[in-house]
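Asks: Next come the chains, spelled out residue by residue.
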Amino acid sequence: MKRRSFVKKVTLSSFATLIGAEIVFGSNIMEGYIPLALQDPDPFKMFNKNKEMIVLNDKPWNIEAQAHLLDDKITPNSCMFIRNNGLVPENIDAKKWVLKIDGESVVKEKTYTLSELKSKFKHYTYQLTIECGGNGRSEFNPPAKGNQWTVGAVHCASWTGVRLKDVLEDAGIKKDAVYIGYHAADIHLSRDPKHEPISRGCPMSKALQDETLIAFQMNGEDIPFIHGYPLRLVAGGWPASVSGKWVNRISIRNKIHDGPKMTGDAYRVPCKPVAPGEKVKDEDMCIIESMPVKSLITYPKSGAIINKGKALNIRGHAWAGELEVAKMEYSIDYGSTWNACVIEKPTNRLAWQHFTASIKFPDTGYYEVWAKATDTNGIAQPMLLPGWNPKGYLNNACHRIAIKVK
Amino acid sequence: MSEELDFHNQVKKIYRFLLLLFSLFVITGGLIVYYMVNPNFLNLKKAPEVAVAVEELDPDRIENGIHVSTGFVDAEGLMTVIRNCTGCHSSKLILQNRMNVERWNTTIKWMQETQNLPDLGKNQEIIVNYLATNYPPIDKGRRDILTNIDWYELKD
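Protein chains in written order, with my numbering: chain A, 12 to 417; chain B, 328 to 483.
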């Protein structure tokens, strides 16, 4: 008996115990039939992910990439991190999907079907860097609560959709509008329909940017289910939680949106710097907007052994939230000296930029290659952890890889 | 005399027939009861591996001090944590985190305020003690050294 089928049989009988009823002749239930709630899913198959992706959490699903998996200039679905606050939506029917625009500051509430959105408004395609606010959380000390992302909660795919601006203006924006908030079809962990797992948003200034899209395609195809099919709000350069998945309603608010994960300490950092571990009152926490400057060495994978005298060609990406990366450097002596990398211009605003460098090592031994990006305001990545914050957001410390020269 | 013998033989026959009938009844009954208890036994070809699988099915199996199906450390309060904490979210979420008593309590309060977690009563202390004892904060300094490096020859 295969383990799986045995487990299935056993699970069926325990399921019977659980629901307090008997599944008569449980073991004779049709081959292939497993009660939905008991499925033991393979996330890599289910979401078409690379086998080297790291599952941080399976309820709700949270999966991250590793640096070397992000080597593509345009991130493919297989290596895109998954962040969920709740359970994924059930029974999505794109034909019946509607997007509603409402809120205190909408001139006239409107709803659009997918085909109306696609036919009524002009389409745009942008490559957009989307990074989880908690990317790098695992390094904070004292440890911060939440999924312990290392470096892989970032991607830069190509998104196609209509401008949020065009849709909001079609419904009409009142003068007192300050914020938008999205609502979506995902399910609260408690399955209580009165609760939304997450409902965040952004100020009108970000909502009205050309690159802020209501997207229906990713990398030229329908958005994969786990990344928000059929509609996703996409706001590059800001915490990924602004880019709501499975969006079915956008509210134009006359105040800062107050949905779940907008308030308290969620996606907020202390307005003024605090000591590591210090308690911070909710009212002293400020909403994260643009993400900080950061970079990732995506080639080679950490742990490469090379021969003495051979140059090491490294490459990777750098990004800077709303800004651009102006300078890219590497160090092989822990920051004593820095050398320039070649850095490309972004394909479009809010897309990550690619860098390369050819490194010669002076002798055999153990080295680390550290990468440091500087944005157009002259702000660089720190080598140590940046300011501690209770939820462990915004760790943009330099990425490094280990190299041995023999 | 022969009539007497004939009668005696007939009684013997009837007795044997009844005995056979009774045995069949007992065996059939036994089989039915056994089938009800263990409906798998007719699937003969699958039988030999059952012994291996039995180990897999125990949801409370502990191996090397770890509760296998959740990954939790086997310590006082384990079952209370499993019962109260893994219904809504995976044990993986807990295993990733490390906090002291105060911060585990704050986390529970947050779940009660936003995630529909009911009051835990006396169990809260048991849970928080288990978590703070087995999953306390570890000092990582301002930047940790690189660990678990997977060395390989770079070819190109």
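Derived by calculation from the structure, the hints in this document are not laboratory data.
Predicted, not measured: the structure shown is a model, and the values here were computed from it.
No residue lacks a Cβ here, since even glycine has one placed at the ideal position from N, Cα and C.
It is possible that some hints are incorrect.
The calculated EDC-like cross-link candidates involving lysine to aspartate or glutamate, where the alpha carbons are at most 20 Å apart (straight line), are [to be verified]:
no. : chain 1 : residue 1 : chain 2 : residue 2
1   : B       : K419      : B       : E390
2   : B       : K436      : A       : E294
3   : A       : K415      : B       : D483
4   : B       : K419      : A       : D53
5   : A       : K185      : A       : E115
6   : A       : K290      : B       : E429
Taking beta-carbon pairs under 10 Å as the criterion, some of the chain B residues facing chain A (in silico) [stated by the list, open to error]:
no. : residue
7   : L420
8   : E440
9   : K449
10  : T460
11  : N461
12  : P464
13  : I465
14  : D483
Stretch by stretch, here's where chain B covers chain A in the computed footprint (C-beta under 8 Å, at least three residues) [said to hold, decoys possible]:
no. : segment
15  : 60 to 69
16  : 155 to 166
17  : 229 to 238
18  : 312 to 320
19  : 353 to 363
Asks: A separate judgement is required for each hint: does it hold in the structure or not?
Replies: Consistency of the hints with the structure:
1. B/K419 / B/E390: 18 Å, holds
2. B/K436 / A/E294: 18 Å, holds
3. A/K415 / B/D483: Judged against 20 Å, a Cα distance of about 15 Å means the pair holds.
4. B/K419 / A/D53: OK: B/K419 and A/D53 at ~16 Å, within 20 Å.
5. A/K185 / A/E115: With Cα atoms ~9 Å apart, A/K185 and A/E115 stay inside 20 Å; holds.
6. A/K290 / B/E429: Distance of about 11 Å is within 20 Å: holds.
7. L420: This hint holds: B/L420 lies near chain A, its Cβ roughly 5 Å from the closest one there, short of 10 Å.
8. E440: 8 Å, holds
9. K449: 22 Å, violated
10. T460: The hint is violated - B/T460 has no Cβ within 10 Å of chain A, the shortest such distance being about 16 Å.
11. N461: Hint on B/N461: violated, closest Cβ of chain A at ~14 Å, above 10 Å.
12. P464: 5 Å, holds
13. I465: This interface hint holds because 7 Å falls under the 10 Å limit.
14. D483: 8 Å, holds
15. 60 to 69: holds (count 4)
16. 155 to 166: Coverage by chain B holds for the segment 155 to 166 of chain A (4 residues, Cβ < 8 Å).
17. 229 to 238: Result for this restraint: violated, n = 0.
18. 312 to 320: With 6 residues in contact (Cβ-Cβ under 8 Å with chain B), the coverage given for the segment 312 to 320 of chain A holds.
19. 353 to 363: It is violated: at least three residues are needed, and the segment 353 to 363 of chain A offers just 0 whose Cβ sits closer than 8 Å to chain B.
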